[in-house]
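Student: Top to bottom, those sequences are chains A and B. Residue numbering for the first sequence follows this note's numbering, starting at 1 and increasing by one per position. Residue numbering for the second sequence follows this note's numbering, starting at 1 and increasing by one per position.
The hints are simulated quantities; they were obtained by calculation from the structure and are not laboratory data. On a predicted model such as this, the values are computed, not experimentally measured, just so you know. Hints may contain errors.
Said to hold, decoys possible - Short derived list, chain B residues pointing at chain A, Cβ under 7 Å:
1) Asp-54
2) Cys-57
3) Gly-160
4) Tyr-233
5) Thr-236
Unchecked claim - Covered, in the sense of this in silico footprint (three residues per stretch, anywhere, with C-beta under 8 Å from a C-beta of chain B), are these stretches of chain A:
6) 44-58
7) 173-179
Where a beta carbon is used, it is the ideal one built from N, C-alpha and C, also for glycine.
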Amino acid sequence: MAILDAVLAPLEIALNKALTASPAALQQLAGEQQSLALYFRDLAWGFRLQPTVHGLQLQAGLGESRAAISTSLVGLARLLAGEDPRAMGDALVLEGDAEYAERLLGALRHARFDLEAELGALLEPLGAAGLGRGLRNWAERGRRGLAGLLLGEVQRGPESGGGLANGEEVRRWMDEVDDLAVSLDRLEARVLRSEQGSSQA
Amino acid sequence: MKEQTTHFGYSEVKWEDKASRVSQVFDSVASRYDIMNDLMSMGVHRMWKRFTVDLACVQRNEMVLDLACGSGDLAAAMSRRLGPRGGMVMADYNAAMLAQGRDRMLNEGRAEQVRFVQADAEALPFVDECMDCITIGFGLRNVRDKARALASMWRVLKPGGRLLILEFSQPVNPVLAKIYDTYSFEVLPRLGQAIANDAESYRYLAESIRMHPDQPTLLRMLDEAGFERTQYYNLTGGIVAVHRGYKL
Chain A
1 MAILDAVLAP
11 LEIALNKALT
21 ASPAALQQLA
31 GEQQSLALYF
41 RDLAWGFRLQ
51 PTVHGLQLQA
61 GLGESRAAIS
71 TSLVGLARLL
81 AGEDPRAMGD
91 ALVLEGDAEY
101 AERLLGALRH
111 ARFDLEAELG
121 ALLEPLGAAG
131 LGRGLRNWAE
141 RGRRGLAGLL
151 LGEVQRGPES
161 GGGLANGEEV
171 RRWMDEVDDL
181 AVSLDRLEAR
191 VLRSEQGSSQ
201 A
Chain B
1 MKEQTTHFGY
11 SEVKWEDKAS
21 RVSQVFDSVA
31 SRYDIMNDLM
41 SMGVHRMWKR
51 FTVDLACVQR
61 NEMVLDLACG
71 SGDLAAAMSR
81 RLGPRGGMVM
91 ADYNAAMLAQ
101 GRDRMLNEGR
111 AEQVRFVQAD
121 AEALPFVDEC
131 MDCITIGFGL
141 RNVRDKARAL
151 ASMWRVLKPG
161 GRLLILEFSQ
171 PVNPVLAKIY
181 DTYSFEVLPR
191 LGQAIANDAE
201 SYRYLAESIR
211 MHPDQPTLLR
221 MLDEAGFERT
231 QYYNLTGGIV
241 AVHRGYKL
C-alpha cells in the first residue's frame, strides 16, 4: 500500500507537532521504545508507532510489536475520542500488552491537534489559500459531525458561548461530581453522628 | 602501490584532491548560492527543507548540529524551535559557505545561540554523544568517505539522537528520470553560466548527484554505521530523499 504509506510522513509530522505542544502528552511517552502496531481492517493496511525523544516515529508495515490493535477508521476515531476499548466489542481487537497500548493512546488523546493550522501549512506552499479555507471548513464540519455521531455531542448553536467538552473532559467532570457526592455523604454522616452525640449528652 | 582515487562528478581524482576541488566549486558559487537554489529548483527546495525540519522535530533545549550548513536554511528554521536554552552548531567544510551562513544568522539576530565551526564531516571535532540531532542538507554527496562521515556522526550523537540526511537521489519514475536528466545536463549548466558565470560547477552538481548512492544503498550504509529504525522518504518523485536513523 505505497499510496497509504506516503501519508505516514505528514501524519507523523502532525502528530509530533501536537505532542510537542502538549508536554504532558510527550511526558507519557518518555522512556518508552517499543512499538504499537495499528491495523485498519477496512483499508487492509497498517503501520507501527514507535516512541522517540521527540514524539513518535511512524513506520510502514507490521513488524514485531509490544501491542497490536486491529480496528477500522471509525473504531480508531472512537478510541481517540476516549471510548473504553473494552466496551467496543468486535470493533476493536487488542493483542499483546494492553496497558502499554493504553499508555501510547493516552498520550495521543492528551495531544492537541490543530487541524486548521496543519491543513493551512500543507496548502500554503501551493498558494491555494481559497482552497485551503474551503477544505479547512469542510474538514472542521466533518470533524464536528463525526464527533456528534460517535459521542452523541450536540452541534454548537449560536446561543452557546463556548466549545463543547470532549469525552475526556466529561469523564473528568463526572469523576469530580462523584467525589463531591461521596464527600457530601460523609459530611451528612458526620452531622448525623454529632447530632446523635449531642442528643445523648 | 596504486594511488587511491575517488570520484569528482564523473572524473576520477586523487583521494587527497577531492576536498579541495569541492571547495573550489563552493568558493565559486557561494555568493550566488541562494538565488541559484531558487532558480534551479523553482523554489521547491524550500519545501524539501521544511519537510526535513518538520521531520527532525527539534525540541526546546536540544543541541543540534547542522552539517554542510551552507547559507543556513535548515539551521535558521531549526534554531527558531530551540528556545533560549537550546544550542545550534553550524558546520561547513567550506569557509566561504560558512561565512554566508554566519552572516545570515547575524542578520536575523540568531547568532547568540549558534556556534560556527569549519569542520570535516569525516572527523567531527566534537566530543562523543553531545548532539541530540544532526542534519546534513545537500552535503553528503560531496563527502569523500561517506561511511567514515556516518560513523563520525553516529559517534557525536547522544543515545536516542537522530540523523537526517536531505540529499538529491534517484527518481523512481523512469519518465521523470529522463526529464530530470535532460534538465540537469542541458539546462542547469546554462543557468549556472548565466547567473553565476560558472557552468562547470553546475555540471559537477549534476554529475555528483548521479554518482551519489541511491535510496536503498544509502539506507544500508546508515544501518552499517550503526543507526537503527532507519527509513527514507522520497520527495518530488525521488529527485530528493530524506533518510533518517536513530542512535539507540
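Student: If a hint holds in the structure, say so; if it doesn't, say that too.
Tutor: Against the structure, the hints:
{"no.": "1", "hint": "Asp-54", "result": "holds, 4 Å"}
{"no.": "2", "hint": "Cys-57", "result": "holds, 4 Å"}
{"no.": "3", "hint": "Gly-160", "result": "holds, 5 Å"}
{"no.": "4", "hint": "Tyr-233", "result": "holds, 5 Å"}
{"no.": "5", "hint": "Thr-236", "result": "violated, 12 Å"}
{"no.": "6", "hint": "44-58", "result": "holds (count 6)"}
{"no.": "7", "hint": "173-179", "result": "violated (count 0)"}
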